[in-house]
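**Q** What follows is the residue order along each chain.
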Amino acid sequence: NAGVTQTPKFQVLKTGQSMTLQCAQDMNHEYMSWYRQDPGMGLRLIHYSVGAGITDQGEVPNGYNVSRSTTEDFPLRLLSAAPSQTSVYFCASRRTSGSKVLTDTQYFGPGTRLTVL
Amino acid sequence: LAKTTQPISMDSYEGQEVNITCSHNNIATNDYITWYQQFPSQGPRFIIQGYKTKVTNEVASLFIPADRKSSTLSLPRVSLSDTAVYYCLVGDKDTGRRALTFGSGTRLQVQP
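The listed protein sequences correspond, in order, to chains A and B. 1 is the number of the first residue of the first sequence in the numbering used here; add one for each residue after it. 1 is the number of the first residue of the second sequence in the numbering used here; add one for each residue after it.
Derived by calculation from the structure, the hints in this document are not laboratory data. Don't take each hint at face value.
As the list claims (entries may be wrong) - Quick list of the computed label-pair ranges, beta carbon to beta carbon:
hint	chain 1	residue 1	chain 2	residue 2	range
1	A	P75	B	N30	23 to 31 Å
2	B	K54	A	T115	25 to 33 Å
3	B	R77	A	M19	19 to 27 Å
4	B	S79	A	T20	39 to 47 Å
5	B	E58	A	P75	30 to 38 Å
6	A	G53	B	V59	45 to 53 Å
Said to hold, decoys possible - Far from chain A by the CB rule (all over 10 Å, computed), these chain B residues:
hint	residue
7	G15
8	I20
9	S23
10	N26
11	T34
12	Y36
13	Q49
14	V55
15	F63
16	D67
17	S70
18	P76
19	T83
20	V85
21	L89
22	Q109
Virtual Cβ for every residue (Gly too), placed ideally from N, Cα, C.
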């Protein structure tokens with residue numbers, strides 16, 4: 001298994017440009033999420049999905065869109081990039097237990113380092 | 001939406017035991033407590049997970065009191081390679097969503 005893969009690894013955008021960060025997992029995980037991590041800071045949840053066709057907002061969703069048409073893929077779209085979106089973006093996935101108790105072992109991708117000029 | 005509180009940083013020396021405590025007053029009944037480790041320029045990596053009492057694996061131990069409002073990650077005999085940021089993770093009870101919110105993390109610096 002490749003685990004969680006993210007492309008590109010690095011990206012430079014100009015203010016106002018749009019782009020899509022790709023995330024894919026081959027573990028058949030129901031749950032996928034996107035985080036951003038600013039320098040010296042913790043991870044903040046942007047959007048997440050508990051299954052194909054279902055998405056929800058996290059802590060910092062403004063300026064980002066997501067969709068989940070398949071179990072494997074969870075792309076993150078920046079509609080109009082702003083310098084405040086300069087960050088490292090991590091995608092993660094986990095299996096959701098069918099039992100009442102939720103287990104939470106997330107697998108993270110290697111990250112995409114985005115700079116917006 | 002912050003749901004966990006951890007010390008911002010800790011210092012230790014090689015060979016010592018390190019204990020990092022996380023406060024999570026709003027933990028949901030069905031939530032597990034999970035700890036992750038993150039090295040610079042890498043995504044977080046799972047360390048240990050527990051629900052209550054004590055859990056131990058080859059890397060660490062996790063102590064959770066009966067009220068589950070806090071947890072303590074214990075790293076035995078740390079080495080320089082344990083220098084990293086450690087996060088504890090619990091679910092989001094207040095909104096009813098199963099969002100997974102990271103705390104601020106604890107930056108552990110291990111000295112020779």
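**Q** State for each hint whether it applies.
**A** Hint-by-hint comparison with the structure:
no.	hint	in the structure
1	A:P75 - B:N30: 23 to 31 Å	30 Å, holds
2	B:K54 - A:T115: 25 to 33 Å	44 Å, violated
3	B:R77 - A:M19: 19 to 27 Å	45 Å, violated
4	B:S79 - A:T20: 39 to 47 Å	40 Å, holds
5	B:E58 - A:P75: 30 to 38 Å	36 Å, holds
6	A:G53 - B:V59: 45 to 53 Å	37 Å, violated
7	G15	28 Å, holds
8	I20	14 Å, holds
9	S23	15 Å, holds
10	N26	15 Å, holds
11	T34	5 Å, violated
12	Y36	8 Å, violated
13	Q49	6 Å, violated
14	V55	12 Å, holds
15	F63	18 Å, holds
16	D67	18 Å, holds
17	S70	17 Å, holds
18	P76	22 Å, holds
19	T83	15 Å, holds
20	V85	8 Å, violated
21	L89	6 Å, violated
22	Q109	14 Å, holds
Comparing the model with each earlier hint shows violations of hints 2, 3, 6, 11, 12, 13, 20 and 21; every other hint is respected.
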